[in-house]
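**Q** Single-letter residue listing:
Protein chains: 2
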Amino acid sequence: MTDIRFSLHATEGKARTGVLSTPRGNIRTPAFMPVGTAATVKAMLPGSVRETGADILLGNTYHLMLRPGAPRIERLGGLHGFMNWERPILTDSGGFQVMSLAKLRKLTEEGVTFQSHIDGSKHLLSPETSMEIQRQLGSDIVMSFDECTPFPCTRDEAATSMQLSMRWAERSRAAFGERPGHALFGIQQGGVHEDLRAESAAALREIGFDGYAVGGLAVGEGQDLMFSTLDHCVGHLPEDRPRYLMGVGKPEDIVGAVARGIDMFDCVMPSRSGRTGQGFTPRGPVNIRNARHADDPRPLDATCDCPCCTDYSRAYLHHVHRSQEIIASMLLTWHNLRYYQRLMQGLRDAIATGDFTGFAARFDEERLSGDIEPLA
Amino acid sequence: MTDIRFSLHATEGKARTGVLSTPRGNIRTPAFMPVGTAATVKAMLPGSVRETGADILLGNTYHLMLRPGAPRIERLGGLHGFMNWERPILTDSGGFQVMSLAKLRKLTEEGVTFQSHIDGSKHLLSPETSMEIQRQLGSDIVMSFDECTPFPCTRDEAATSMQLSMRWAERSRAAFGERPGHALFGIQQGGVHEDLRAESAAALREIGFDGYAVGGLAVGEGQDLMFSTLDHCVGHLPEDRPRYLMGVGKPEDIVGAVARGIDMFDCVMPSRSGRTGQGFTPRGPVNIRNARHADDPRPLDATCDCPCCTDYSRAYLHHVHRSQEIIASMLLTWHNLRYYQRLMQGLRDAIATGDFTGFAARFDEERLSGDIEPLA
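Protein chains in written order, with my numbering: chain A, 11 to 386; chain B, 11 to 386.
If you're looking for bench data, these hints aren't it; they were derived computationally from the structure.
Some hints could be false.
Copies of the same chain are indistinguishable here, so a pair counts whether it falls within one copy or spans any two.
Calculated pairs, SDA-like style, for lysine to any residue (alpha carbon to alpha carbon, straight line, at most 25 Å) [claimed, not checked]: (1) 24 <-> 312; (2) 116 <-> 86; (3) 113 <-> 189; (4) 132 <-> 79; (5) 132 <-> 362; (6) 24 <-> 73; (7) 132 <-> 335; (8) 113 <-> 320; (9) 113 <-> 306; (10) 24 <-> 314; (11) 113 <-> 335; (12) 132 <-> 333; (13) 132 <-> 235; (14) 116 <-> 335; (15) 24 <-> 115; (16) 113 <-> 138; (17) 113 <-> 375; (18) 132 <-> 285; (19) 132 <-> 334; (20) 260 <-> 373; (21) 24 <-> 299; (22) 260 <-> 148; (23) 132 <-> 145; (24) 24 <-> 269; (25) 113 <-> 295.
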């Protein structure tokens with residue numbers, strides 16, 4: 011197997027487009043990774059996820075280690091075969107979910123002991139166990155184990171947390187070892203503080219990773235503070251490696267983060283919103299539950315080429331969502347994932363042709379223009 | 011548009027195979043109709059339903075008249091366009107569901123007044139309103155409005171109920187009128203009593219229908235009584251028209267009913283069972299929730315060509331079902347519908363080649379042979 015390589019094809023300002031190539035396929039950047047928490051992108055078959063244009067999925071270490079268990083997935087041939095997705099998979103380290111979902115957490119230098127939120131069983135997540143679990147899953151892009159810094163927190167808390175994460179990053183690197191065809195990404199921490207972000211980036215560069223994530227954002231700080239942090243924190247990361255903004259985000263967050271030099275994203279928003287009846291469109295989100303859609307023969311998004319928009323009316327989507335039919339989640343999730351992938355393709359094309367600034371301006375103008383006209 | 015025509019291609023004993031041709035496509039018989047209650051076959055896209063081999067769907071008048079409403083569906087272009095299924099649709103008359111689901115029912119000679127189980131709104135279902143609603147839906151095969159005879163009931167109750175249904179059948183015929191390209195089926199009643207079944211059949215033949223359903227079975231009487239009733243009741247129906255056994259059933263019910271001269275079936279079992287974790291196989295049903303599947307790398311049904319069986323292990327299905335993931339319902343429903351359609355294809359092929367008796371014997375032998383061997 012070849013190693014994983016990152017090639018930049020074009021830049022415009024800080025925005026970049028390129029390809030991260032892996033033995034399991036190329037990842038076009040800027041890339042959006044649909045979230046497949048429990049070995050499924052909820053309400054989608056993997057072939058349909060691929061049809062939306064996704065090059066890579068994200069899997070959640072915390073969920074999979076608890077159910078069905080990483081050794082079981084390894085025995086069954088790894089996560090790719092288990093969930094029928096042969097293209098690249100990135101797994102998170104479990105660090106974020108263990109702090110938000112697990113019970114009876116205890117944080118030490120060694121790692122985090124906790125009880126499963128599913129059955130109360132006891133577990134340890136540490137740099138070493140996280141690397142082992144992600145190896146058992148067969149992840150192509152492994153994330154180093156870090157502490158999710160709470161928000162808000164004091165500067166001292168952010169510094170202490172970041173420094174622990176950097177010691178864990180070094181242990182993650184050592185535990186990961188040499189695995190041709192598999193990449194290990196480090197995660198920058200430091201909250202919203204530029205000097206801490208710089209210190210974190212320097213520590214990660216010293217250790218050496220195949221890619222670099224920006225962690226600790228999209229945790230409630232708001233878009234302004236996220237963007238102002240990205241303005242200073244991204245520049246400390248190596249230019250020749252992919253940069254991944256974890257857990258982001260809304261379409262407008264993604265456009266703003268690409269403008270600030272980010273290459274990779276993941277977020278539950280398109281799939282989760284689909285299940286709650288929200289559809290993304292170039293003119294902003296639509297709540298299909300609203301009574302005004304009950305008789306509307308028009309598609310959710312007339313510009314979209316997905317089955318939800320080519321085969322069904324807003325009236326139908328309204329009906330099946332109100333009736334709590336599974337097909338509502340299937341169709342709206344498909345559309346939202348397609349919307350995100352079309353956005354990413356638009357960003358890549360715009361950067362490649364030097365039109366990113368214009369693209370971003372048109373994106374904002376259309377998004378703020380309001381939903382389609384009321385039916386006559 | 012041409013009229014709807016029924017051609018018998020081969021018979022073996024009472025078993026028959028043929029084609030019911032409609033302007034929207036041919037229906038190969040014996041046929042199984044997946045149930046699309048609320049304008050969706052639950053957890054399936056229509057294209058996938060077609061891929062399982064279904065030639066026709068069933069829609070429920072009662073559910074659709076209450077939500078989203080038949081006039082709305084008519085305004086939106088009819089049920090076919092609304093739910094993106096261009097092939098034939100049979101709609102029931104609402105008579106069965108109104109008795110099992112509606113609140114504050116009042117039965118008179120005119121029809122049934124009731125309150126919606128969804129929002130408490132008041133409605134009337136009668137031969138005339140049922141025909142009008144089914145016309146608004148755009149149904150290809152319309153069912154006459156009948157009373158669902160309770161089970162168990164006395165012979166007198168069965169007679170009184172059947173005679174009311176026959177008066178309603180005549181009103182249904184008159185209200186349906188002449189609609190080229192659309193068929194009206196009558197429904198035989200009479201419980202388990204041969205003389206009442208004969209009287210009902212004679213009344214229906216006198217009125218004249220494009221097809222004949224056997225109603226009032228599969229309501230809790232058990233397979234023995236259902237089969238012994240079919241033994242005498244089917245022969246009273248015209249040979250040159252399709253015969254439809256409503257709401258049936260288990261795979262073994264279908265095989266036994268085909269042996270007794272039935273051509274068409276519908277049942278929620280394959281889709282409902284899929285959502286509760288039951289998968290049909292030639293060796294009997296499998297409960298995927300059972301812990302013995304947790305590590306089983308084998309497909310649900312090694313003989314099946316559906317995506318559930320070609321792309322996933324029992325271990326995966328077990329995991330996603332236990333995790334309450336939507337994909338579990340999607341995959342198991344797809345498999346079960348494919349299982350049913352493969353069974354129907356097997357029945358058609360067997361009758362066409364004079365092998366029906368052998369097919370039925372092999373079907374029983376395999377079904378009773380028990381599930382696949384335990385994993386070594």
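**Q** Hint by hint, say whether it matches the structure.
**A** Results for each hint:
{"no.": "1", "hint": "24 <-> 312", "result": "neither (32 Å within a copy, 53 Å between copies)"}
{"no.": "2", "hint": "116 <-> 86", "result": "neither (32 Å within a copy, 58 Å between copies)"}
{"no.": "3", "hint": "113 <-> 189", "result": "neither (33 Å within a copy, 65 Å between copies)"}
{"no.": "4", "hint": "132 <-> 79", "result": "within (13 Å within a copy, 52 Å between copies)"}
{"no.": "5", "hint": "132 <-> 362", "result": "neither (49 Å within a copy, 61 Å between copies)"}
{"no.": "6", "hint": "24 <-> 73", "result": "neither (35 Å within a copy, 55 Å between copies)"}
{"no.": "7", "hint": "132 <-> 335", "result": "between (37 Å within a copy, 24 Å between copies)"}
{"no.": "8", "hint": "113 <-> 320", "result": "neither (45 Å within a copy, 38 Å between copies)"}
{"no.": "9", "hint": "113 <-> 306", "result": "neither (46 Å within a copy, 30 Å between copies)"}
{"no.": "10", "hint": "24 <-> 314", "result": "neither (29 Å within a copy, 52 Å between copies)"}
{"no.": "11", "hint": "113 <-> 335", "result": "between (33 Å within a copy, 22 Å between copies)"}
{"no.": "12", "hint": "132 <-> 333", "result": "between (40 Å within a copy, 19 Å between copies)"}
{"no.": "13", "hint": "132 <-> 235", "result": "neither (37 Å within a copy, 55 Å between copies)"}
{"no.": "14", "hint": "116 <-> 335", "result": "neither (41 Å within a copy, 30 Å between copies)"}
{"no.": "15", "hint": "24 <-> 115", "result": "neither (40 Å within a copy, 69 Å between copies)"}
{"no.": "16", "hint": "113 <-> 138", "result": "within (21 Å within a copy, 61 Å between copies)"}
{"no.": "17", "hint": "113 <-> 375", "result": "neither (45 Å within a copy, 51 Å between copies)"}
{"no.": "18", "hint": "132 <-> 285", "result": "neither (31 Å within a copy, 31 Å between copies)"}
{"no.": "19", "hint": "132 <-> 334", "result": "between (36 Å within a copy, 22 Å between copies)"}
{"no.": "20", "hint": "260 <-> 373", "result": "within (13 Å within a copy, 54 Å between copies)"}
{"no.": "21", "hint": "24 <-> 299", "result": "neither (39 Å within a copy, 51 Å between copies)"}
{"no.": "22", "hint": "260 <-> 148", "result": "neither (29 Å within a copy, 41 Å between copies)"}
{"no.": "23", "hint": "132 <-> 145", "result": "within (21 Å within a copy, 61 Å between copies)"}
{"no.": "24", "hint": "24 <-> 269", "result": "within (6 Å within a copy, 73 Å between copies)"}
{"no.": "25", "hint": "113 <-> 295", "result": "neither (35 Å within a copy, 38 Å between copies)"}
This entry does not satisfy hints 1, 2, 3, 5, 6, 8, 9, 10, 13, 14, 15, 17, 18, 21, 22, 25, going by the numbered hints stated previously.
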